[in-house]
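A.B. asks: Below, each chain spelled out in residue letters.
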Amino acid sequence: MEEKESERLKKKPWFWSLAFASVIFRLILILFPNNLNLASRPEVSTPLTSLRRLAEGYWLKQASMSPYAGSMFHGSPLLLSILGPLTVKRFEGQPSHILCSLVSVIADFVTAMFIRLTGLNLQRAYNQSLKSLGLFRLLENSEIVSCGDIAALVYLWSPFTIISCVGLSTSPIENLVVMLCLYGACTRQVPLAAFGWVVATHLSLYPAILIVPVTLLLGYGPDTPPRKLLLQRNSCKFGDAQSSDSSFQDKELTNQPVQPIFFSWKPVVYFFLWALMWALYVLVLCGISVKDYGGLREMFNR
Amino acid sequence: MALPRWMIFLLLFLLCFVSKSVEEKEEHEEQEEFSEELLLRPLPDRKVLAHFHFQSRVPPTETYGRHHHLFPKPAIYQLVHKFRIREMELSFTQGRWSYERWGGYDPISSNNAKPPGVELWAAFDVPKHQVDASWKNLSHALSGLFCSSINFLESSTAYSAPDGGFRSSTGNMRYGTLPREAVCTENLTPWLKLLPCRDKAGLSALMDRPSIYRGYYHSQRLHLTSTEFDSTGLKTGIVLEQTLTVVLKPNAPGNNMGYSSGSILQPSWSLSSLFGKKVGGKCLLANSSSVYIQLEGALFSELNNIQKENERYNNDDLALKGSWSSPGFELSVSPDRMIKELNSLHEDGPSVLYEFLMENYSDSKLFELGFTWKFPVVWSCPRAPLHSSRFLMGSGNERGAIALSLISTKQSEAFQIADINGERCSLQVDVFQVVPWYVKVYYHTLQVFVDEQPQSVPDVIKKMHVSPSEDKVSPGVMEVVLNLPCGVKSAALTIEFDKGFLHIDEYPPDANQGFDIPSAVISFPEFQASLNFLEDASSNRSPLLSKLKERSPVLSYTEILLVPLTTPDFSMPYNVITITCTVFALYFGSLLNVLRRRVGEEERLLKSKAAKKNGRLPLLLSKLSAKLRGRPWEPPQSSSSSSSSSSSSSLISYKLLIKIVLVAGVAAVPPPSMPPFTDPMPFMTSTKLHRGDLGFPVDCLLHSSMSNRQRQDDDKWQHDLYKDDEPQVSNRRIGTKDLRFKLQKKSIQKAIQSGIGNVSGVRDLREKLSGTIYSQSGNTDPPKPKPKPVLEGSKRARTSAITSRASINAHIDAPEPETKRVASSAESVDSFLQSLGLEKYSITFQAEEVDMTALLHMTDGDLKALGVPMALNFSSLFPPKIRAIYHGKKSHTSTTSIINQQKYSLHYPVVPFPVSFLFCDPPLQKCMTFSNGAISMANMVAVIAISSDYLSNRRHVQWQL
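Protein sequences appear in the order of chains H and Z.
Sequential numbering of the first sequence, starting at 0, is according to numbering that gives the first Met the number 0.
Sequential numbering of the second sequence, starting at 0, is according to numbering that gives the first Met the number 0.
Simulated from the structure, these hints should not be mistaken for lab results.
Backbone N, C-alpha and C fix where the C-beta goes; we use that ideal spot for every residue, glycine too.
Check before you lean on any hint, since a few could be wrong.
[As the list claims (entries may be wrong)] Partner residues are not named here, just some residues of chain H that face chain Z (Cβ under 10 Å, in silico): (1) Ser16; (2) Pro41; (3) Arg51; (4) Arg52; (5) Ala54; (6) Glu55; (7) Tyr57; (8) Trp58; (9) Ala62; (10) Met64; (11) Gly69; (12) Ser70; (13) Met71; (14) Leu85; (15) Thr86.
Using the sequences provided together with the hints, build the complete structure.
C.D. replies: Structure (structure tokens):
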């Protein structure tokens with residue numbers, strides 16, 4: 000499968016060229032930001048995601064004050080300690096936001112890569128299910144459009160993501176964490192999914208509802224073959240028994256059908272345990288970072 | 000008052016003057032002290048600074064007690080004790096002190112130059128958690144005391160707690176300003192009331208309101224220092240210092256003689272020209288009272304130079320009698336003393352004070368100080384090392400930046416040179432800036448420019464204390480200690496901000512004017528403004544001089560900034576309301592118009608054609624036949640009616656007939672929720688009732704309405720139509736009419752007396768007759784659109800509708816039929832009453848000489864006055880026409896509930912039949928009120944009439960249709 004994919008990649012250099020083009024486009028926009036003045040648009044950088052407010056919060060923290068004093072900063076203290084130093088550092092002759100913009104460009108690119116990997120993963124699962132059905136010909140003949148590539152390109156070239164990347168907002172990082180969560184769920188890497196979910200929920204509350212799809216993904220596996228397909232396969236098992244190449248295939252066919260239908264509780268339980276652990280970890284980190292300035296309570300107040 | 004009395008007592012009875020003075024002095028050691036002083040200083044820009052200084056001191060309570068002679072006990076003493084004030088300063092200022100021209104480096108400018116509006120700061124001697132509460136109470140108390148809106152400082156968004164940046168304050172201090180407060184005489188009057196002599200005697204008598212408020216700058220200040228609560232240290236009691244600083248422009252009486260130097264002679268002035276008043280001695284309660292004229296160092300040295308130059312020309316400018324001459328100017332009164340400044344820091348030279356003691360003057364010997372210049376002099380005031388100004392940058396309603404620029408003055412260079420002796424050459428500048436919360440400052444964007452070069456913040460800023468603003472809770476405070484290099488030419492601080500949004504009720508009335516950012520306070524702690532005057536024994540006594548001697552940091556206030564914020568715009572809801580109303584009006588208006596206008600035209604067309612072509616013969620024939628039958632004309636089926644109408648007027652178009660039938664059909668099965676807008680006539684329904692429903696002959700009952708109908712001038716067509724036959728009918732029936740009418744009324748009256756009230760008797764009668772239970776069904780039934788029974792080809796219903804309209808419209812103006820009617824019924828009121836069963840009241844009516852004419856015009860009130868019981872609802876007993884007049888007299892619209900339902904007997908041209916209608920049913924109130932507007936739009940009288948009889952007898956109507 001990997002070989003095939005790499006071949007496909009070679010066949011499609013357009014993906015990479017487009018991806019890099021989008022990155023270069025972002026960089027160009029970053030280098031000429033004065034005309035756009037996107038950072039001040041409330042549509043782009045909300046009070047929650049504004050990097051300017053984050054810088055203010057960092058400054059207040061450096062001035063040994065609570066970063067939440069003055070009702071300017073409402074974000075996470077983790078973000079403050081990660082991005083904060085970048086807001087202060089400035090190159091010679093360059094505006095101070097360059098570094099942060101670079102961070103968001105990188106975050107965007109990584110997010111796109113995760114989207115692509117998720118897409119590949121899902122495709123692989125689809126192929127597997129096709130294979131398990133014995134539809135090899137279908138697999139070989141049909142030129143399956145790589146959904147991951149397209150999704151990644153859509154993400155990279157979406158004007159909203161471009162604007163929020165250029166407009167000094169922390170939303171690329173939030174996107175990255177959300178994508179991390181989904182990727183972990185698709186690849187059944189429970190700790191990664193839990194981490195992504197916890198951090199995304201911490202940064203902005205609304206990804207909390209991702210718990211539903213993530214649980215389903217973990218429970219049913221990346222690509223649940225529809226029940227009908229399985230029934231169909233079972234029915235055609237008799238007819239195709241002779242035509243199938245090997246007995247091993249047959250065995251697999253006979254053994255497999257029951258498995259994916261059932262919801263597997265194990266990864267879900269693991270996920271919740273991991274999520275609990277990560278949440279505790281994040282809270283402890285936050286507590287340490289805001290310990291001197293009123294503690295966690297103030298963080299929750301904001 | 001106690002003191003002079005006491006003095007008089009001494010004078011009269013002890014008669015020992017020497018001992019008195021000694022005693023007085025001794026007593027004053029431990030007594031309250033009050034002193035008044037006035038300092039006058041010519042300013043370089045041809046103005047004069049007048050600085051009143053009143054100080055009263057009370058010894059500490061422990062040693063002195065609580066009884067006061069001079070000190071304003073209720074106002075200040077209690078204030079101090081209640082709120083445990085350690086120090087407090089309140090200033091009302093109008094105008095802006097010009098630091099360049101009026102000086103920025105002397106005690107007066109440092110202490111008395113205040114930001115426009117109200118500034119209040121106070122330090123309390125209470126535990127920290129009570130400071131805010133004390134501040135709030137104090138602001139309220141002062142607000143009442145000084146007739147101003149200081150109570151706005153109560154809200155936590157209005158005051159701040161400076162931490163070292165302002166007057167080296169401690170944590171117990173609060174500071175608040177109201178930049179937009181207007182200062183007026185009503186603030187000055189309570190301030191003057193704190194003085195023992197008010198403005199009646201002494202120096203305060205100079206305070207002529209117009210001349211004070213005409214000045215360029217006016218600052219009235221109250222400073223309070225109390226050591227009452229100090230556990231340690233010297234106890235001086237409470238010191239109340241009241242100052243009034245005014246900058247006035249003397250009226251130059253045309254002495255602008257050009258001199259060779261090209262400069263213009265400064266205007267000469269005198270106390271009376273400045274204030275319009277003269278001083279008649281001191282305030283008797285004052286310990287010391289004196290007037291000073293201060294010449295600044297620069298001026299004095301300039302004058303000395305001039306003197307040296309001019310010595311050879313005018314070696315002796317002999318003084319006039321009573322006047323006193325100095326090198327460059329002349330005083331009309333010779334000063335008692337001249338005090339020279341000691342070891343001045345200014346390189347300009349020492350400044351000079353001329354003192355005039357007010358003790359030497361009295362009412363008979365007024366003190367009139369005149370100051371006349373001899374030579375044109377140009378000098379400049381001592382200025383602060385850096386001139387500060389503040390401005391806004393950026394545009395738009397979203398964000399901006401505050402910039403504070405400090406530009407070095409010439410003098411500061413000299414200071415720096417002097418300062419170099421120190422180990423480190425730097426110039427310390429303290430900036431104290433309060434920003435309201437809706438200006439959200441990004442403190443990390445603070446940038447410092449020194450000599451127009453951006454500097455890294457930590458290099459320049461030695462110390463920075465920030466308390467960021469919290470939305471709707473507290474203002475932002477920034478206290479910065481700048482350490483600028485010595486040779487600095489200019490320095491600038493910029494800081495960016497976002498503009499916040501206020502809640503709609505937080506906007507001031509004039510929101511579009513903008514919002515004020517209070518002045519920043521810039522102080523130079525390394526520079527002390529003080530004037531060390533030559534000590535002598537008596538100068539110790541002058542509080543003003545000791546105040547001038549006090550070392551205080553040079554302080555200056557910046558401009559007030561005006562920030563435009565987004566203001567709420569109420570045009571949107573207004574537009575919505577307007578558009579909605581317009582749509583409603585257009586929709587319903589046009590709907591009504593269409594429904595009404597078209598049908599009316601059709602009718603007119605119909606009528607004219609019928610009248611022209613066919614004449615009235617068929618009509619008359621049908622009427623006649625109906626009459627002959629002696630029964631109400633029973634309308635045929637709708638098909639037959641259409642056919643009959645078509646037969647009667649063959650020229651009526653087929654289309655029109657279909658329309659009429661259609662509308663009639665729609666009306667016969669009316670939609671339940673539709674208000675009766677389909678009625679072509681002015682919302683008046685007329686229904687023919689089956690004659691059997693009323694158990695008596697009603698054909699003649701309608702006779703009175705016949706005569707009503709005659710008066711319809713506005714409805715010409717109807718008038719034309721019935722002009723001919725009506726008189727005959729009325730003439731014929733005139734004899735029987737009244738009787739029958741009365742009969743009917745009798746039955747109605749019975750119904751009324753049975754407690755049904757407004758519900759007219761006819762309905763109840765019919766109810767009884769029909770045996771059905773009538774339970775106000777008219778109220779619950781949805782209004783039925785009245786089709787045109789009216790139209791149905793023949794014109795009879797129309798006539799009734801018009802008649803009813805005539806009776807309802809209060810514009811009935813025809814006296815002629817009325818008189819006719821009166822004549823016919825003029826036999827007596829008695830018979831009328833008799834017919835009503837009210838014979839017992841006939842005597843009353845006779846006594847009041849009420850004839851039938853007068854009866855018609857009587858209202859309920861009149862009848863009540865006659866003693867007729869109102870339970871009878873007498874007015875409803877009147878015939879319809881009378882009713883119409885009656886209601887027209889009262890009001891046009893509000894009587895609808897009274898005439899809830901009224902039975903009218905309308906004369907039908909051929910067959911008389913009862914028509915009942917009402918003005919408006921309770922469920923119709925809505926459409927009534929609504930159609931009021933609509934009809935008035937259509938220039939009609941607002942009337943809705945719908946017959947609840949019709950509603951209850953729909954069967955008949957359908958049948959009729």
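A.B. asks: Now, for every hint given, state plainly whether the structure supports it.
C.D. replies: Going down the list of hints, with the structure as the test:
A least Cβ separation of about 39 Å between Ser16 (chain H) and chain Z goes past the 10 Å threshold, and the interface hint is therefore violated. With a cut of 10 Å, the hint placing Pro41 (chain H) at the interface with chain Z holds, because the nearest CB-to-CB distance is about 9 Å. Interface hint status for Arg51 (chain H): upheld, as the beta-carbon distance to the closest one in chain Z is roughly 7 Å, under 10 Å. Using the Cβ-Cβ criterion of 10 Å, the hint placing Arg52 (chain H) at the interface with chain Z is satisfied: the shortest such distance is roughly 8 Å.
Look at Ala54 (chain H): its Cβ gets to within about 5 Å of chain Z, closer than 10 Å, so that hint holds up. Annotation: Glu55 (chain H) was flagged as interfacial toward chain Z, and the flag holds, the nearest CB pair being 5 Å apart, inside 10 Å. The closest approach between the C-beta of Tyr57 (chain H) and any C-beta of chain Z is roughly 7 Å, which is under the 10 Å cut-off, so the hint is satisfied. At about 3 Å, the closest approach between the beta carbon of Trp58 (chain H) and any beta carbon in chain Z falls short of 10 Å, and the interface hint on this residue holds.
This hint holds: Ala62 (chain H) has a C-beta 6 Å from the nearest C-beta of chain Z, less than the 10 Å allowed. With 10 Å as the threshold, the beta carbon of Met64 (chain H) comes within range of chain Z, its nearest partner Cβ sitting at about 7 Å, so the hint holds. Satisfaction of the interface hint for Gly69 (chain H) is found here, the shortest Cβ-Cβ separation to chain Z being roughly 2 Å, below the 10 Å cut-off. Proximity of Ser70 (chain H) to chain Z holds as hinted, the smallest CB-CB distance being about 4 Å (cut-off 10 Å).
With its C-beta approaching chain Z no nearer than about 7 Å, Met71 (chain H) sits inside the 10 Å limit, and its interface hint holds. The beta carbon of Leu85 (chain H) comes no nearer than 13 Å to any beta carbon in chain Z, farther than 10 Å, and the hint placing it at the interface is violated. Residue-level restraint check for Thr86 (chain H) holds (minimum Cβ-Cβ distance to chain Z is 8 Å; threshold 10 Å).
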